[in-house]
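If you read the sequences in order, they're chains W and Z.
Here the first sequence is numbered in my numbering, starting from 1 and rising by one per residue.
Here the second sequence is numbered in my numbering, starting from 1001 and rising by one per residue.
Treat the hints loosely; a few may be bogus.
Claimed, not checked - Derived pair list, reagent style DSS-like, types lysine-lysine, alpha-carbon separation capped at 27 Å:
#1 Lys1076/Z / Lys203/W
#2 Lys302/W / Lys203/W
#3 Lys1025/Z / Lys203/W
#4 Lys1114/Z / Lys1178/Z
#5 Lys1025/Z / Lys1076/Z
#6 Lys1025/Z / Lys1151/Z
#7 Lys1178/Z / Lys1076/Z
#8 Lys1106/Z / Lys1151/Z
#9 Lys1151/Z / Lys203/W
Derived from the structure by calculation, the hints contain no laboratory data.
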Amino acid sequence: MSEFSLYLLQQLINGLTIGSTYALIAIGYTMVYGIIGMINFAHGEIYMIGSYVTFIVIAGLLGMGLVSLPIVLLIVLIVAVIVSSTYGWTVERVAYRPLRGSNRLIPLISAIGMSIFLQNYVGLSQGYRDAALPPQVVGGWTFGDPAVFEVTISYMQSIIWIATLLTMTALTLFISRSRMGRACRACSEDLGMTNLLGIDTNKIIALTFIVGAALAAVAGILLSLYYGVINPFVGFIAGLKAFTAAVLGGIGSIPGAMLGGLILGVTEAMTAAFFPAEYKDVVSFGLLVLILLFRPSGLLGKPEVEKV
Amino acid sequence: MLRIENVNTHYGQIQALHDISLEVKQGEIVTLIGANGAGKTTLMMTICGDPQATSGTIEFDGEVISGLDTPSVMRKGLAIVPEGRRVFSGMTVEENLFMGSYFRSKAEAQETVKHVLELFPRLEERFDQRAGTMSGGEQQMLAIGRAMMSKPRMILLDEPSLGLAPIIIQQIFDIIEKLRDEGVTIFLVEQNANQALRIADRGYVLENGRVVLEDTGDALLVNDDVRKAYLGG
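Pulled out of the complex, with its shape left as it was, chain Z reads as follows (with noise of 0.2 Å):
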């Protein structure tokens, strides 16, 4: 479903991204583990057109999207869940939720945050409430509501568990699951790598800009290196 050969990235000078190729299938959650400053965040963002890669290309859907501006990516059925959840704090929840179905008519926009409130109760009792006073678990459903509202065929996760509760963080893997069994396909870029590789059908390790291990999630679960560097020996 998404297809990425050959892809480098730079800022400026700096080359983030070193020829990276991977690729996500249909229905499936694909994770991306790695330390801080591997890339992990660039990449993600290099797929939505921002920044563009210097070469080599991203295919959707078999169709080539490397080149085009970040709206017009977003408009193929690809959503986002950003780092740092990115809502809009001045904005009510009902509000933000309406700004990832833009593009959409009022009616369809209608039937899917009834589904959308459905998955987060949460997001219903705080309805009309500021998105900035609600607590970082709200915010990430928030997020990851908002994301949905443009019923994307797949979502890309940047650290959906940063800063959030134990329980909480296993609240939000439960519903990356559930939006999994509702036939979204699942891009999930975490630190907590231990948790992403649970529900992982497959993973990548990425390092200095590199994807360094390929394999299934249970395989690189048990993988010494992966064990010494990510997951605390």
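This is chain W alone, in the form it adopts within the complex (with noise of 0.2 Å):
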């Protein structure tokens, strides 16, 4: 293979890591909308959250002198799941249920003063600046001819694409086999009739914001792993990101935010492997005012349909 074509599969490996990501935050926004019809704006706090969970308990652990990997990163996978599941259900809790019913711009205002509220939270007892953790994970397969250039898949990348495969298949499952999973998906189409069946529909959206913190929190620990470095505002790009990716693939539609973050992912690598990497922004969100333009319901969503 050529040289170019190597280094266009080096960036579709990265981007395909990356979009994962997203595709894992992506489905928060989506479930809630599909369910309450309102964009949790502070969604990406979650994740940013979970990324400094990951970083606490990690510090933690290997300060205790723990230093198995599987086990560390198994406790981590558990105690970020648990405390982000616990502040996305706050989040409904504070700034959305005793808002419900009122006109939508409230919650979204109400949303994102939660969101600068958890910035400031972490950011005050935390720090601001940027906190790094050294690579945990190292090491990876190379291949291709290096005199011409070398393809790498790190095994920080395969663990992120394994962990976001078997989130989203755990995810599936949940969704369409099991009864509450089933009550969700009745809620997304009609929370009235789903009240009219005895089902108390405000669980059924607790359950909502909690599962998709605990994906937000997954991708919190993989793409906290990944860079190494955090600060307090990082979940508001990846928000961003995330919620692009969602209205790209038609929100409210699971398996969209799926394949939405994957193109986003994607895209994005391929903007920076021929521009200056500044431009990938640019890029996606120029991506999000075309899809808004020409396809508001995104590529896997339904029309919006007007009842009469």
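Hints in hand, dock the two standalone chains.
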């Protein structure tokens, strides 16, 4: 293979890696939107909290002398998912539930308030500056001719792919097979009717915030280990990217969020392959504008039907 | 069984129901007829707690249910087949039915589903099919089946014949009578007054949010005012 095609292959691998994590975060947006028709603008902060929990737990465990990587990662996973889900549940309780039934703009503003609060709450307690962690997972596979171009798949990238795949599979099974997952789908089709069947939809709404937060926590673990640097504002840009991915795939559609995340990740990586890396944000948000203009229902979303 | 006393309901500033009082006794089919916009659906939904009555009381089986939230009301042994059917179109017939028995145990639900499928063999044929791909009549059967899944003592039906072919309407009305024979009390809202009054024990006529007439089904069928207004003279 030529140098150029190997280079593109490397960008594709990088793009799919980032895209997987966008997809994980995007599902939180899309599930909440699917049920209550609102964008949870504090969702990026849940991801950020997941990242901080990862750093704190790893630093703590290493300080205690625990060095077995799989055990460390397992503990990180459990703690980060529990802590982030608790925050996700709290956001629903504090910023959404009291405002249910009011004008749609009002919960949007309270969610933005929640987002600013969480950024500064983490900033004040953990410091506003970048926190760094030495790479925990090093090494990878390389192939290609060293004289031309070497393609690398790092172990961390493969962990991200596998973790994303497992999480998505678990989510798909939960949504399609479990009793509560079915209730989630019923709520997203017709919340009022679900109430009329005696199902406590408040519980189901809280559940979607919790599930979305758990997925964001997984993304937080993966991306913070991948980059090794975080600050209290990482949730803002990651949240916007994931939101773009959700809109791209069709907001309200879970497969759409998965697809949108991957497409956005690859698009960014390809942009970075040809232009200075700063342009990748320009391209992703340019993409958002284009979708909103020409296909507001997204790739897999259903067009909004006006009910008579 | 169901007793509504002096109920008023408002949408914002607009009053939709004025001082409604009516009663449905155990084992009866009671129908509520009236023109478009008379408040029939509002009354149904007020029983379910959405919207809440602004004043008055609603009692079910001797227990006051006005003031409770919708899911709590619907777990008291009451089920609704709402206007426009509102089946979950992206979900299969099976999934739709089991949504109706969400708060019951799996064993109880399995038993009821058998009974529902006996009553609606059509639903058994379509068990794994998405509800949105079925005909209007089949969807109406599914909506009734879903309501039966909670094993209610009373079913509220809101315009079950709307938009269906005459032969299907006849089937739906046969099933309503069958349900009553099984001991389920029926409160039926219909624009198809002729057919509704034929199967009803008693009926109420609603006009502009007020009950203007109440009598047995047979008496209402021959009532001059009713004939003129709702039965085409």
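Now the hints, each set against the structure:
1. Between lysine 1076/Z and lysine 203/W the alpha-carbon distance is near 19 Å, which keeps this suggested pair within the 27 Å criterion.
2. With a CA separation close to 26 Å, the supplied pair lysine 302/W and lysine 203/W stays within the 27 Å bound.
3. This hinted pair does not check out: lysine 1025/Z and lysine 203/W have alpha carbons roughly 34 Å apart, beyond 27 Å.
4. Using a Cα cut-off of 27 Å, the hinted pair lysine 1114/Z and lysine 1178/Z holds, with the two alpha carbons roughly 16 Å apart.
5. Only pairs whose Cα atoms come within 27 Å are accepted, and lysine 1025/Z paired with lysine 1076/Z is accepted, the gap being roughly 16 Å.
6. Between the alpha carbons of lysine 1025/Z and lysine 1151/Z the distance comes to roughly 18 Å, so the proposed pair stays at or under 27 Å and holds.
7. In summary, the hint linking lysine 1178/Z to lysine 1076/Z is supported, as the alpha carbons are separated by about 22 Å, within the 27 Å threshold.
8. Restraint check for lysine 1106/Z and lysine 1151/Z: satisfied, since their Cα atoms lie roughly 13 Å apart, inside the 27 Å limit.
9. Under the criterion of a C-alpha separation no larger than 27 Å, the hint pairing lysine 1151/Z with lysine 203/W is consistent with the structure, at around 23 Å.
Consistency note: the structure conflicts with earlier hint 3 alone.
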